[in-house]
Amino acid sequence: MPAKGAQLPPTLVKETTAVRLGGVERRFRDVEALAGVDLAVAEGEIVAIVGPSGCGKSTLLELVAGLQAPDAGEVEAPAAAYMPQKDLLLPWRDALGNAALALEAGGVRRSEARRRAAPLFERFGLGGFERTPPYELSGGMRQRVAFMRTLLPGRPLLLLDEPFASLDSLTRAEMQSWLAEALEAEPRTTLLVTHDVEEALYLADRVAVMSRRPGRVVAELEVPLARPRPRRETVTDPAFVELKEQALEALGL
Amino acid sequence: MRRALPAVGLLLIALAAWWWVASWDSVDDLLLASPSETWDALRDDRELLLDNAWVTLVEVLLGLAIAIVAAFALAVAMHLVRPLRDAAYPLLVASQAIPIFVLAPIFVLAFDYGIGPKLALVALISFFPIAVGLLDGLRSVEADLMKLMQSLGASRLFRLTRVELPAALPGFFSGLRIGASVAVIGAVFGELAGADEGLGRLIFLGNNQLETPRVYAGVVILTVMAVGLFALVSLAERAAVPWRTKT
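These protein sequence lines map, in sequence, to chains G and C. When we follow the numbering used here, the leftmost residue of the first sequence carries the number 8, and every step to the right adds one. When we follow the numbering used here, the leftmost residue of the second sequence carries the number 690, and every step to the right adds one.
These are computed hints drawn from the structure, not numbers from a lab.
With a straight-line Cα cutoff of 35 Å, these simulated DSBU-like cross-link-like pairs (lysine-lysine) come out:
| id | chain 1 | residue 1 | chain 2 | residue 2 |
| --- | --- | --- | --- | --- |
| 1 | G | K251 | C | K836 |
| 2 | C | K836 | G | K93 |
| 3 | G | K251 | G | K93 |
Model the full assembly from the supplied sequences, consistent with the hints where possible.
Written out as structure tokens, the structure reads:
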């Protein structure tokens, strides 16, 4: 797996803000989805957003991705690569062709896109599966291909919308560790939406807890543990357990 | 092979029933030829039947080709231009409501005795299922996938050619399977309305000349043709859409 990159102390990273949301509101007809969301993400920071179903988490990501516009407030964000909950791989393309899709969509020629996507397969543990069609890959492998597709256009911001929600819990734990290492090798500013508190705390530098609809950020928790984190030691660490309690309390659980 | 057994079994049962009914004294030989008489006609009139079947097959294949090209053009245009879809869909459905045997003589009058009106009828009858299958297929792409493509900056052309058209293949093949099996009907009606050759013409003449076994032989060849086309499309589908059976 990739060599460990230099980790900047959190205080230093914070000086450059990559994403800034100010008083963001969004409503769909009679439903108020977001009611004044404030959130800032520093460059290189991984921020997880947790909240109950229907609290507007996905709407928030789409606003940052520029797929929707807010009804009020401001959204500042660089060009983002968006990874939806479902892998959405195209069955008529092999794994390599799917990873290369984002590059092709951006105007890179097919052969060149495939050439640039190829080295990632070895690095991300999918060497030998380049020509395999998606329906012959496991759920975890499909998610990895989807992640490569997200990574390849080289956008500075990653938006991950419950990327592991459809996986079984063992595969999910495996994929979380994999993602932590992948982000160590390819550091990006990352916004991760999840409904899994442990996943949020395990992967992120900071966790923003959202309220029920209409959604707003009700708590922000710093995770003062260096990334990437060894799984067993981390989830049993007293500081981690304490954070988990705080997060659950903020969620009203 | 194993899955073909029930079909063969049912076919044999149908043949036996046909044989049995044809053996009744009360059934006029002019109304119903027995399987053995039909078989004799198939053998004795082999050349006549095959020559005419070839004519009909060419009409069916060319007509289908026209239908596919037209269905693609119209389905893509209707998919891309929403007002066009709203405007053209009722007309598309209406084109199916016109009885083909009413249209056939008019086509022959309007064009001529040659292959033209047959192609038009085959194309008209098989165009509808193909176009509808394609339209449904083009719209079958998940909204999330289109959103993803949009976030990747994919152009409308890219989304159409790399995502929507491949995704429409299963729908297209479903439509084509129906279109291919009804295409034969279009050709026969075209020939009935006026032709020098073709299976439809042969059946029509056989009826008038009281050559009942030959009429049945012609019908058998028509059905074999339809089943063969259906099977051919299914094979092509399996080659072109391998993910359909595997997901």
